[in-house]
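Chains as they are written, first to last, in the numbering used here: chain A, 1 to 260; chain B, 1 to 260.
Hints were generated in silico from the structure; no laboratory data involved. Hints may contain errors.
Treat identical chains as interchangeable: a pair holds within one or across any two.
[Stated by the list, open to error] Derived lysine to any residue pairs resembling SDA-like cross-links, with alpha carbons at most 25 Å apart:
no., residue 1, residue 2
1, Lys236, Ala41
2, Lys204, Ala189
3, Lys236, Leu170
4, Lys204, Pro182
5, Lys72, Pro148
6, Lys236, Asn139
7, Lys204, Ser238
8, Lys236, Asp91
9, Lys204, Asp252
10, Lys236, Ala169
11, Lys72, Leu196
12, Lys72, Thr158
13, Lys72, Glu150
14, Lys204, Glu55
15, Lys236, Pro130
16, Lys236, Gly29
There are 2 protein chains.
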Amino acid sequence: MSDGLTPRAFREMVRGGRHTGQTSGVCPGFAQTNLVALPRAYAYDFLLYAQRNPEAIPLLEVTEAGERLLRKIAPGADAATDYPRYRVYRDGVFTEELTDVSGLWREDFVSFHIGCSFSFESALIEAGVPVRNIEENRNVPMFVTNIPCESAGVFSGTMVVSMRPIPFALVPRAVSVTARMPRVHGAPAHIGDPSLIGIRDITKPDYGEAVTIYPGEDPVFWPCGVTPQVAVLNAKPSLAITHAPGHMLVTDVRNAALRV
Amino acid sequence: MSDGLTPRAFREMVRGGRHTGQTSGVCPGFAQTNLVALPRAYAYDFLLYAQRNPEAIPLLEVTEAGERLLRKIAPGADAATDYPRYRVYRDGVFTEELTDVSGLWREDFVSFHIGCSFSFESALIEAGVPVRNIEENRNVPMFVTNIPCESAGVFSGTMVVSMRPIPFALVPRAVSVTARMPRVHGAPAHIGDPSLIGIRDITKPDYGEAVTIYPGEDPVFWPCGVTPQVAVLNAKPSLAITHAPGHMLVTDVRNAALRV
């Protein structure tokens with residue numbers, strides 16, 4: 001368990017292999033990040049892809065080429081060991097999940113650490129907006145949409161979104177609360193009818209777990225940091241490493257510090 | 001005069017050499033941008049410098065290498081002709097000002113278009129906060145500070161700020177209004193005593209023009225898009241082109257659309 005642990009202590013647990021699960025609810029109040037690590041040859045295109053799609057890919061830190069340690073959002077954190085679970089993509093094909101990618105880390109790797117919607121969940125709860133995946137103790141459901149991202153070099157693709165069901169009367173509040181947190185995805189990308197953004201079955205997420213939608217609730221969709229994984233499938237870099245959806249790095253940055 | 005002109009029509013005037021002056025107050029309601037254009041070899045380091053210093057260098061658009069035309073914030077605008085005045089830096093030395101840099105544009109140039117504090121001036125005025133440089137019909141005063149930017153590759157330097165004197169009682173409102181516009185520099189970097197950020201003489205700005213500070217007013221300092229020009233002096237790229245301070249590109253983006 002991670003109750004009462006500091007982010008640094010939690011990261012040491014992860015590094016030591018003593019936490020390999022999801023990180024929803026871990027170290028409440030502290031921001032978590034998504035990961036993309038790529039060879040330097042792809043880094044400009046990816047950085048530009050992030051700049052052009054800041055809602056889906058809000059960068060909180062980018063490391064120097066070959067440097068595994070973070071400096072800013074989690075000083076001393078190791079990008080190759082401190083995420084609980086990684087996904088490895090070779091030539092655009094997902095090949096394996098690992099809990100430590102030290103052995104795969106290359107001297108020319110650049111790691112991108114991306115803001116996560118978990119950060120605004122506590123703000124929603126404080127504002128009286130229920131968060132179903134927390135209520136039901138599940139990973140948030142995520143869907144690949146048909147919303148195009150703006151391409152950059154070899155990177156292109158559509159947006160991945162996370163979904164939270166919100167009672168109709170609270171939808172405006174959910175929008176206004178999250179809009180003020182643009183560094184962790186900000187306002188929703190879509191509200192309501194899933195078919196309008198290319199989602200066929202709201203009960204079958206592409207990543208994460210389904211949650212209950214009650215009568216009187218709208219599904220509300222936020223841009224998601226898994227979006228780059230779709231672009232990696234398209235760009236087919238020789239090697240790319242991402243976090244496994246829901247298995248995040250816990251940083252030293254307080255969520256409240258990410259509010260505008 | 002630009003009264004009642006659309007941004008597109010104003011850009012055509014600039015392109016034709018019929019407006020070569022500053023752009024304060026031009027096309028009210030539309031965002032203006034600062035410019036940095038660099039060879040592709042420097043583009044990754046500069047893009048990373050912007051990512052690490054988003055308050056000073058909030059990127060609104062980055063063009064493809066060799067592509068002069070913008071697509072997003074001002075479709076069809078020409079980066080080499082539609083700023084009224086440019087500054088040319090060779091090996092880190094400011095060599096000349098030109099009103100058209102078509103002849104210098106290189107096939108490998110990438111242009112970076114950076115949000116400008118002019119965008120929040122109308123929001124301040126709407127909120128009842130006076131903007132002295134507009135009242136006195138001057139370019140905003142800008143100062144090089146000792147506030148360090150986070151370096152990236154060859155780029156490093158301190159922050160340049162723009163200064164507006166604000167009556168004490170209105171300082172909180174000035175902060176809250178601008179904090180909601182992070183894509184055009186956001187909240188102030190400093191409030192009050194200029195010496196604390198390395199400014200020796202508030203009446204002698206490094207760029208722009210001095211404005212009157214009345215008794216009962218605090219000088220308030222915002223991060224400024226001229227910041228990259230200090231980094232260019234340090235990095236000494238073979239060739240770099242920026243806008244001349246105050247001489248901006250007028251985009252098709254409404255300032256109101258940049259509020260969070």
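Q) Does the structure break any of the earlier hints, and which numbers would those be? A) 3, 4, 6, 7, 9, 10, 15 and 16
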